[in-house]
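Asks: Using the hints provided, position chain B relative to the given structure of chain A.
There are 2 protein chains.
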Amino acid sequence: MNEHIAPVAQEKAYRLLNHGPTVLVSARHGGVENVMAAAWSCALDFLPPKLTVVLDKATKTRELVERSGAFAIQVPTVAQLELTYQVGHRSMHDAVDKLAQCGVELFGMEGHDLPFVVGCSAWLACRVISEPHIQRTYDLFIGEVVSAWADSRVFSNGHWTFETAAPELRSLHYVAGGHFYAIGDAQDTGNVGLP
Amino acid sequence: MNEHIAPVAQEKAYRLLNHGPTVLVSARHGGVENVMAAAWSCALDFLPPKLTVVLDKATKTRELVERSGAFAIQVPTVAQLELTYQVGHRSMHDAVDKLAQCGVELFGMEGHDLPFVVGCSAWLACRVISEPHIQRTYDLFIGEVVSAWADSRVFSNGHWTFETAAPELRSLHYVAGGHFYAIGDAQDTGNVGLP
Chain A
56 MNEHIAPVAQ EKAYRLLNHG PTVLVSARHG GVENVMAAAW SCALDFLPPK
106 LTVVLDKATK TRELVERSGA FAIQVPTVAQ LELTYQVGHR SMHDAVDKLA
156 QCGVELFGME GHDLPFVVGC SAWLACRVIS EPHIQRTYDL FIGEVVSAWA
206 DSRVFSNGHW TFETAAPELR SLHYVAGGHF YAIGDAQDTG NVGLP
Chain B
56 MNEHIAPVAQ EKAYRLLNHG PTVLVSARHG GVENVMAAAW SCALDFLPPK
106 LTVVLDKATK TRELVERSGA FAIQVPTVAQ LELTYQVGHR SMHDAVDKLA
156 QCGVELFGME GHDLPFVVGC SAWLACRVIS EPHIQRTYDL FIGEVVSAWA
206 DSRVFSNGHW TFETAAPELR SLHYVAGGHF YAIGDAQDTG NVGLP
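Chains as they are written, first to last, in this note's numbering: chain A, 56 to 250; chain B, 56 to 250.
Please note that the accuracy of each hint is not assured.
The list makes no distinction among identical chains, and a pair is therefore deemed to hold if it is satisfied within one copy or across any two copies.
Stated by the list, open to error - No more than 20 Å apart at the CA atoms, straight line, and that leaves these computed lysine to any residue pairs for SDA-like:
| id | residue 1 | residue 2 |
| --- | --- | --- |
| 1 | 115 | 100 |
| 2 | 115 | 156 |
| 3 | 112 | 101 |
| 4 | 67 | 231 |
| 5 | 115 | 86 |
| 6 | 153 | 114 |
Derived by calculation from the structure, the hints in this document are not laboratory data. Just so we're clear, the structure is a prediction, and the values are computed from it rather than from any experiment.
Bound-form chain A, shown alone (with noise of 0.2 Å):
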């Protein structure tokens, strides 16, 4: 494990989503890991800790997030582009090497089966809410962050840290058609630091 990742405090999770990054979503189950890119996940509740996620029905992430009730979502950053975009658009039903293919490194945490993604900001594992309504009618699935880790170099005390980091630790904001932005410059109000 990389000596950067420092824990995150669960009132503060909610910050590693909330400027609407693109993410990365891994799962595993009876031996079988992979990961996909999504750019439709959003914070839902600040404590506990919630998050929303869309997972297409074509998708073999979504069967292992389906058959374990857990999934890891993870901050790519602008060092990761490609594979950001690669991830999003292979398929393991194509291509069982996928992540091979993708160059994509996995790592473990203890105490969570899950596979988390070498290189990325933020990560958050997450567990399955159940709500079948929603999930088979709009592919949109609830988890509840039950720990969450960030890289030091770029998110500390609770803030991402952007405008001091290395340019490739910025978050990727996905369009379409392989045309990402990178998080940019700070905006603040004359507010910063009020409740």
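Replies: Below, chain B alone, put in the same frame as chain A:
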């Protein structure tokens, strides 16, 4: 209506939210109009386009959405930084002149009984898809996008043009405590233009 406002095709409407901006939610019922900020809004489907938004039970806007069955989602710009913060932190329950206090100006779109916020970069008129269980349990609302428009200076031919548009037209991405980021530089994979 601003001369730069142009319709967005239904199949491209999801792109207005795909990069995860903080949005403004507006609604009208019984002669009352309100606007709030929401960092927790996300695309849900391509066609017909759908989206999710989290509306806390304490907000006046939620009451208007529940009564009217409709709302607008709009993408505020860097030029609207203070307005976005203020509509997210003041409540009409405390001040009936909230919108005037926050500097919000509204306009109409023919065929839609909704208030739209002047100066945003994109507008999505939505009807509520009633899902009482998730509305009650998670404050989560699903909307179908019935029409969408964008400012052609920053979104044209189905694409955001942040890289060439004026910096004050960039989208805002909220973290916490009055601290936002603007969307940043384009990051193109080797697959731009591929399906």
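Asks: Please name the hints from earlier in the document that this structure breaks, with their numbers sorted from lowest to highest.
Replies: As far as the earlier hints go, not one is violated by this structure.
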